[in-house]
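Asker: Here is how the chains run, residue by residue.
There are 4 protein chains.
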Amino acid sequence: MNVGIIGVSGYTGFELIKLLLNHPKFKINYLAASAESRVEEIFPSLNSIFEFDVKVADAKEAAKKCELVFLALPHQEAMKYAKELLSLGVKVVDFSADYRLSQALYEKNYCEHLDPKNLENAVYGLVELNRDKIRSANLIANPGCYPTASILAIAAFLPHIDRDFGVIIDAKSGVSGAGKKASTTTHFVSVNENANAYNPIKHRHSDEIKEQISLLASTQIPTLFVPHLLPITRGMLVSVYAKLNSQIEPLEILRKFYKNEKFIRIINKPANIKDVAGTHFCDITAYVSEDKIFINSAIDNLLRGASSQALANANLMSGFEESLALPTLTVMP
Amino acid sequence: MNVGIIGVSGYTGFELIKLLLNHPKFKINYLAASAESRVEEIFPSLNSIFEFDVKVADAKEAAKKCELVFLALPHQEAMKYAKELLSLGVKVVDFSADYRLSQALYEKNYCEHLDPKNLENAVYGLVELNRDKIRSANLIANPGCYPTASILAIAAFLPHIDRDFGVIIDAKSGVSGAGKKASTTTHFVSVNENANAYNPIKHRHSDEIKEQISLLASTQIPTLFVPHLLPITRGMLVSVYAKLNSQIEPLEILRKFYKNEKFIRIINKPANIKDVAGTHFCDITAYVSEDKIFINSAIDNLLRGASSQALANANLMSGFEESLALPTLTVMP
Amino acid sequence: MNVGIIGVSGYTGFELIKLLLNHPKFKINYLAASAESRVEEIFPSLNSIFEFDVKVADAKEAAKKCELVFLALPHQEAMKYAKELLSLGVKVVDFSADYRLSQALYEKNYCEHLDPKNLENAVYGLVELNRDKIRSANLIANPGCYPTASILAIAAFLPHIDRDFGVIIDAKSGVSGAGKKASTTTHFVSVNENANAYNPIKHRHSDEIKEQISLLASTQIPTLFVPHLLPITRGMLVSVYAKLNSQIEPLEILRKFYKNEKFIRIINKPANIKDVAGTHFCDITAYVSEDKIFINSAIDNLLRGASSQALANANLMSGFEESLALPTLTVMP
Amino acid sequence: MNVGIIGVSGYTGFELIKLLLNHPKFKINYLAASAESRVEEIFPSLNSIFEFDVKVADAKEAAKKCELVFLALPHQEAMKYAKELLSLGVKVVDFSADYRLSQALYEKNYCEHLDPKNLENAVYGLVELNRDKIRSANLIANPGCYPTASILAIAAFLPHIDRDFGVIIDAKSGVSGAGKKASTTTHFVSVNENANAYNPIKHRHSDEIKEQISLLASTQIPTLFVPHLLPITRGMLVSVYAKLNSQIEPLEILRKFYKNEKFIRIINKPANIKDVAGTHFCDITAYVSEDKIFINSAIDNLLRGASSQALANANLMSGFEESLALPTLTVMP
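Chains as they are written, first to last, in the working numbering: chain A, 1 to 333; chain B, 1001 to 1333; chain C, 2001 to 2333; chain D, 3001 to 3333.
Just so you know, the hints here were simulated from the structure itself, not pulled from any lab data. One should not assume that every hint holds.
Stated by the list, open to error - In the SDA-like style, the derived pairs of lysine to any residue whose C-alpha atoms are separated by at most 20 Å in a straight line are:
no.	chain 1	residue 1	chain 2	residue 2
1	A	K269	B	A1178
2	D	K3269	B	R1038
3	A	K65	A	R38
4	C	K2259	A	S48
5	B	K1243	B	D1162
6	D	K3243	C	L2244
7	A	K25	C	L2329
8	D	K3269	B	E1041
9	C	K2065	C	G2089
10	C	K2243	C	L2158
11	D	K3065	D	S3037
12	D	K3269	C	R2204
13	D	K3027	D	P3327
14	B	K1108	A	E290
15	C	K2243	D	R3163
Extracted from the complex, chain A is given alone in its bound form:
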């Protein structure tokens, strides 16, 4: 089955290519970016492994060559291509925020929405929570990295927490989450031997998390979200704090909620970026202290937080086994 990637030059594009090269059913048949190039020029480590033309993005050409297209584009750009590709009968997995939020929240956080019709039918691609809807979807909104790690941590505990108090999320991400663009923020000297919160309270992922967990809880859940930048390349660690409404045994609740989920590991020690980096796993644990709970999850921000999650969605949309070619072995040490 032929697939394509539009917006291939970033980190998530590269991760997706590497996953697809190991996939037994998907074949990369189209790569596009904002300028013509060769994929092995953009990523020299692909030399002699995978050499392929990178075209200037064109939805019609993509539609001729592919049954499914991954969009690894900035928000606003993505919906233009998604709209056209869907109209041409191509399935779409979108990495951007364009189809993740309700229209009102989207327009509050980003910009005017140009494709409200498809937005209504888009499925939020968090596999463990929406598996059935994903199978029949034509358009997947691939979740953000912070929302993935946060929602997977919180979901099991929604019946057990004080919903008036809500959740406090202290999240830590590697620098690859900020993208490939050179800036003061991503300069080695700024990042190395440093750590800091950024956009506290008002990060765009805050509303994405809040909307999704409120949907799950069928009530508004106040959400305080503070992301931090860490001096590491890849990986994400999330600490969630909440107030309990009753005494619980947290690991039992997690084990029951994620029973039979192959890519969620319930662990009995604090979560660790090294144990998930390079994989599709989300490791989760939780500790209770009096009336409060500390929930702790770790993912690879570029894989489970982007590219391998996109692939899991694409597998389901295509009628394949969900776990096909999903990475399980860490890149570490």
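Given chain A, work out where chains B, C and D should sit, using these hints.
Answerer: Chains B, C and D in isolation, oriented as in the chain A frame:
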């Protein structure tokens, strides 16, 4: 005025030596460790700068040579020396936990207390909060690094937070906080490209913070403390979350509370390790979101969290200007 | 075909396990270390992926369960097991130095040799140079990481350099090369923001390189080798300097020498650790300046410098395609 | 004595400010950059320490306010200001390459020289080698970081090496050497867990080193120079390789050559970035192996390789003690 350091071979010993070499009044007249050596052998970068004998620790010898001694020893070791030094009329600044907690809490977290009499008179050396008591103290319990950054962040807000809910502290520290001892935890390959919580909920600094802020608030403040290890050498970042009992303007409260404090900087962006590393500063900011507050502080864990704080205490105990030789210029970039 | 690993608890053991889990023909049937354990306890990231008993090492038991055994043991330990395994008809790939040097040089650098008979028949497992001998070998001395990157860089140029002058090798390695043992040298605080040469001139790999290139050149080649430690986890960069005996076009010589070699990439810019980390590739380039040459190679020290090289050898010894399950995709960004 | 800095916004400008704030005689009376600003806005860690206007650079204004000006500008820019400042009777220490090379070599490596008259009288500011000339100079060409560490390593051995063979310099630098500008090269994700040579053979510092050591040797010394980028913020390590023309005792030669030099430390183990970072020291050692020598030096690239060296020059030019306010204590751990 002659001073000494017992337990000189660790990171905080080294930082203290460097500070004392720039001090106009204190003169290092005694250095001790568990084995005889030379200070320039333990720290080769001191070659041709400061070359001095390191003795096997002996309280009597120290008392002959010094009016004030800094103890950079493990807990339990420290109180043995403190007791003897005090009995010989020497002032003591203790880096360990031995005199930081009430006896009951100490014995719950550490071991039997061997010097309860002096414990009663020890002053908790957080200068901004206990300045007057410190001036007349003979024994200072130099605060832990996590408690320093946490208490300085919380103190101003104690009247404004829901005391039933208490505080949630998500703290991040550089590896030097774990000490110089080689272990799996401090191995470069374990730490690099990684991050993780450790001892969540039950870290010993939790009770130290709780006891101090409860004293300040004159009521028990529930405290949930989760420390994290970051892949950096020095520096500490603390995020405190609490529920407000009224609408407040957080920066105004901070500015008023820390008026005229030279080493507390109230900033209007997230705190940043690079801006304080190498200095005695504690940078603090805070953000309100609906009924919650996010308070954010940064310190150098080895200086404000240990050695420069000890020096500030020693300055006060000796009748000197508090700020004498306290470092103000970052080591960065 | 059943294989085993003795000495599984280090970094190279872990890398080898991950490679074998993707191998279509080899099946792990025996794992051993110095103490009984479970592999998923030693490497928690293997939880739910590969769970297996780790036995106390026993050659007879290994021989019952495996046709080929990888020894990831310290030198001296390795030859004891190799000797017994070979006597029981098991093929051996040895990661240690025990069979890499002639007896005289081995005993100069290490200790008395306990298995001189097998030493005579051991094949130095640098696949590009000894492919045919490897196919029929029962015992492979898997090359050291420094020798791998150095010899692959130099080999093509041996006819073109001044053999009296010899070669100067300035090599840089990540910390995983120093092994998993906690020590002052591998403490995060010692390594981070630092870099230094170690064992200059007298590192044991110096004689290994010298002996191998002297064999290739059929004459003694003076070799000055200086290894450096870098603050990275994995990867190795080697700079070789030599004097030319004639004008050459260095990239042509490399391309010709390594024609049809899938895992040697001749590049026309400086070599880069990120482009090879996680792979079996060795990237090589060279620059001429007047009568001197600068040759530059990069490998993953744990893969091409240990575990994937061992697997390439095992593939050949077993009559399989050499490239079976050798990794080609970087772990980066 | 009033001094100024033009081009204050980079790393070396910041280091120089910190040094000057501790200087007993120099007073910062003028700061300039390409745009108007405040120094505490450019460097937030200076808040409450040193708050000062940053002007748009203007030589006449600088001349009114200062007796000596440091130019931390890009090459070509620097000579415009130097020329005007000198004509107004102001002493100049120039951080750029504009006055470091003879006109012919300068124009080969950079661009047309706009101030050849002053170039003739400029003094190369390597204090240990040109102390007397510096005392009476009005214009100092402050050496590059690579040339500083390389020349200090080589100088003592020039009488003992084969001058036809010359020297091979394998140099490693932290990222701050590449400047504050955001680029793909300085992106955290590009640098972290990576290392690579850059501009091998043809880096501009190559001719600077060659010219200086050839002047010292009174004959042309072939120089092969390969710089490498390391994933650290500050520090530089240089390995020099050469062929000896006689048997020597290298440490004795170094000790004799640098007798009474306070800021050169001859050490008997490999040089180490941590031991010099934050200081004006250059640590040097050397090892002989048969007919070859390995010389190894370490400096702080921003201090001894730029700002503290500039200050040492300014001290001498102003008739002060050379060592005034030069940093001696490392920033580490």
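Asker: State for each hint whether it applies.
Answerer: Hints and how they fare:
1. Pair hint A:K269 plus B:A1178 holds up; C-alpha atoms about 19 Å apart against a cutoff of 20 Å.
2. A hinted pair counts as satisfied when its Cα atoms are at most 20 Å apart, and D:K3269 with B:R1038 qualifies at roughly 17 Å.
3. Taking the CA atoms of A:K65 and A:R38, the gap is near 18 Å; set against the 20 Å cutoff, the hint holds.
4. The straight-line distance between the Cα atoms of C:K2259 and A:S48 is roughly 13 Å, inside the 20 Å bound, and the hint therefore holds.
5. Between the alpha carbons of B:K1243 and B:D1162 the distance comes to roughly 5 Å, so the proposed pair stays at or under 20 Å and holds.
6. The suggested pairing of D:K3243 with C:L2244 holds, with an alpha-carbon distance near 15 Å, which does not exceed 20 Å.
7. For the suggested pair A:K25 and C:L2329, the alpha carbons sit about 19 Å apart, so the restraint of at most 20 Å is met.
8. For the suggested pair D:K3269 and B:E1041, the alpha carbons sit about 12 Å apart, so the restraint of at most 20 Å is met.
9. Taking the CA atoms of C:K2065 and C:G2089, the gap is near 12 Å; set against the 20 Å cutoff, the hint holds.
10. For a cut-off of 20 Å, the pair hint linking C:K2243 to C:L2158 stands: about 11 Å separates their Cα positions.
11. Only pairs whose Cα atoms come within 20 Å are accepted, and D:K3065 paired with D:S3037 is accepted, the gap being roughly 18 Å.
12. With a C-alpha separation of about 18 Å, the suggested pairing of D:K3269 with C:R2204 holds against the 20 Å cut-off.
13. Restraint check: the Cα-Cα separation between D:K3027 and D:P3327 comes to about 17 Å, which is no more than 20 Å; the hinted pair holds.
14. For the given pair, B:K1108 sits about 18 Å from A:E290 by alpha-carbon distance, which is consistent with the 20 Å threshold.
15. For the hint linking C:K2243 to D:R3163, the alpha-carbon distance of about 14 Å falls within 20 Å, and the restraint holds.
When the structure is compared with the earlier hints, no violation turns up for any of them.
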